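Novice: First to last, the protein sequences are chains A and C.
Counting with my numbering, you get residues 217 to 527 for the letters of the first sequence.
Counting with my numbering, you get residues 217 to 527 for the letters of the second sequence.
Some clues are possibly wrong.
A pair counts as met if it fits within one copy or between any two copies, since identical chains are not told apart.
[As the list claims (entries may be wrong)] Mimicking BS3-like on lysine-lysine, the simulated pairs with C-alpha atoms at most 25 Å apart in a straight line are: (1) K480 <-> K505; (2) K321 <-> K244; (3) K306 <-> K428.
Worth flagging that the hints you see were computed from the coordinates, not collected in a lab.
These figures come from a predicted structure and were not determined experimentally.
Number of protein chains: 2
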Amino acid sequence: MKYCFGVDVGGTTVKLGLLTAEGDITDKWEIRTDTSDEGAAVLPDIAASIAEKIEEYKLDRNDIVGIGVGVPAPVTSDGVVNGSANLGWKYKEVKKELEELSGLKAVIGNDANVAALGEMWKGGGAGEKNMIMVTLGTGVGGGIIIDGRILVGAEGAGGEIGHICVNYDETDRCGCGNCGCLEQYASATGIVRLAKKKLDHETRPTVLNKEKVTAKDVFDAVKAGDEVADEIAVEFGRYLGYGLANLAAVCNPSVFVIGGGVSKAGGVLLSYIEKPYMEHAFFADKKVKFVLAQLGNDAGICGAAKLVLED
Amino acid sequence: MKYCFGVDVGGTTVKLGLLTAEGDITDKWEIRTDTSDEGAAVLPDIAASIAEKIEEYKLDRNDIVGIGVGVPAPVTSDGVVNGSANLGWKYKEVKKELEELSGLKAVIGNDANVAALGEMWKGGGAGEKNMIMVTLGTGVGGGIIIDGRILVGAEGAGGEIGHICVNYDETDRCGCGNCGCLEQYASATGIVRLAKKKLDHETRPTVLNKEKVTAKDVFDAVKAGDEVADEIAVEFGRYLGYGLANLAAVCNPSVFVIGGGVSKAGGVLLSYIEKPYMEHAFFADKKVKFVLAQLGNDAGICGAAKLVLED
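Just chain A, same shape as in the assembly (with noise of 0.2 Å):
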């Protein structure tokens, strides 16, 4: 039998897996991510708790096909970091540094890349080999595979489509820097930043509070039939759906896979974003579909698993 791990690399947690080359979790747990000194001791760390669940499970190092792992930045096709403020990274040569430690190949990726590859392995994206997930987060985050590849791109910048400009007449700036990003709107803190503007001018009843609202009650009200919040995630699923349809104009792709704290509300998200979706989509990328993705947290392991896998 042969195995990998799999490793998601998050600011203040490591999600660590161990798989079967078919993709089957054995085991699974989690590090603290120690991001003092520059994040020094976040890939020490890793190679450690490995070399304890090799000791543990007595594996042989020749079943072991090698570490997988997803980070929170651009990642270069030959695994150098060029800086992770999540991680507190600089300059990082990270396959290197990781193979070193551990006396194991290592595959590095951008996390909502390889969890993008976990959904098309074993999720919500299965048998596809033109995929988009988006990750409706804290942030909007992209995953873009093209005829089964990671769309990497020439700095490891590729599927940041969360700075896709949806709107040119916005004044409000998103984190980055520009005005108008798909972030602004369709992130859990997009549809708060909605939903606050649309309470501020808001007379009719509803159950949305101004000062406490989150994106989940927004979707929970929905769901209740508040008018309000439908009005909210109407505007929501416009910048997304349109989003969506300048991707597929670019990509072509079979499937998009929706995920992250966002997707939680379920199959009701995807009726909002579709409709806007058909009404710009160019006409042979009419046939996608949406789907919601199966993997949680799972997927980051899973697709860091699948990046070594097939290395």
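Assemble chain C onto chain A, guided by the hints.
Specialist: Frame of chain A; chain C shown alone:
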């Protein structure tokens, strides 16, 4: 010496080339495109013309790698076209038919994608692996190369960048049926449309004549210092620059190659595109280069040759 044929099929003429495996054009010629009877004669005519050329040069069939073909339609990865308005084709198994007719291996691609491959091999994108070619002609076409490979997409409709929406307030319709497509502003036809709208209400002196203005006229007037033409070019460049910034967020290319008839305006064109691009580009995409296409009409046959050589 190994040889191959590169074929660029247009609605009026078919351009053919005999190339060495190194990409030197040994001979090039054209035949008429016979679109009668749903384009039934197109592939037989190509096969016959190639057979004549093999005879003329006394080529050994063992030295011929195959035939690469670019066609004006989406092409699936197995060489099938589901209709081409320009050629009259309905469903056609282009690869299979041409291989049977010629006795040679054939590889088929979309013409805009194939031209991009040509520019990456021998033209403005030489040495790059992540490149977007934008063809500003009657319409706006695109060819996207990711890590050295054409982005084909699920249905062969990848890289349809003329149909990304860059203006959600547009009420005029694009040929595709949608409103606000890049093609409505950045094609030769689109530039004429912008010019006519401007000239409708223009009182300042200008060399532009509303009744017969062309895209070339606009850029000639720009070079002559015409203020009205400059403003039309600014508008053209804003839509195109903004559109390319969105493309970059998705694909993170290292270079944009600008080709097609409109690009004959030369370097002045690039300055109108780069400024708005930089305003809206995600920070990781600001290092991209803008260059003019170099191969002109040979991009199609060169790229088609490359397509079969690297298959």
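Novice: Look at each hint and say if it fits the structure.
Specialist: Hints, one by one, checked against the model:
no.: 1; hint: K480 <-> K505; in the structure: within (18 Å within a copy, 41 Å between copies)
no.: 2; hint: K321 <-> K244; in the structure: within (20 Å within a copy, 49 Å between copies)
no.: 3; hint: K306 <-> K428; in the structure: neither (36 Å within a copy, 57 Å between copies)
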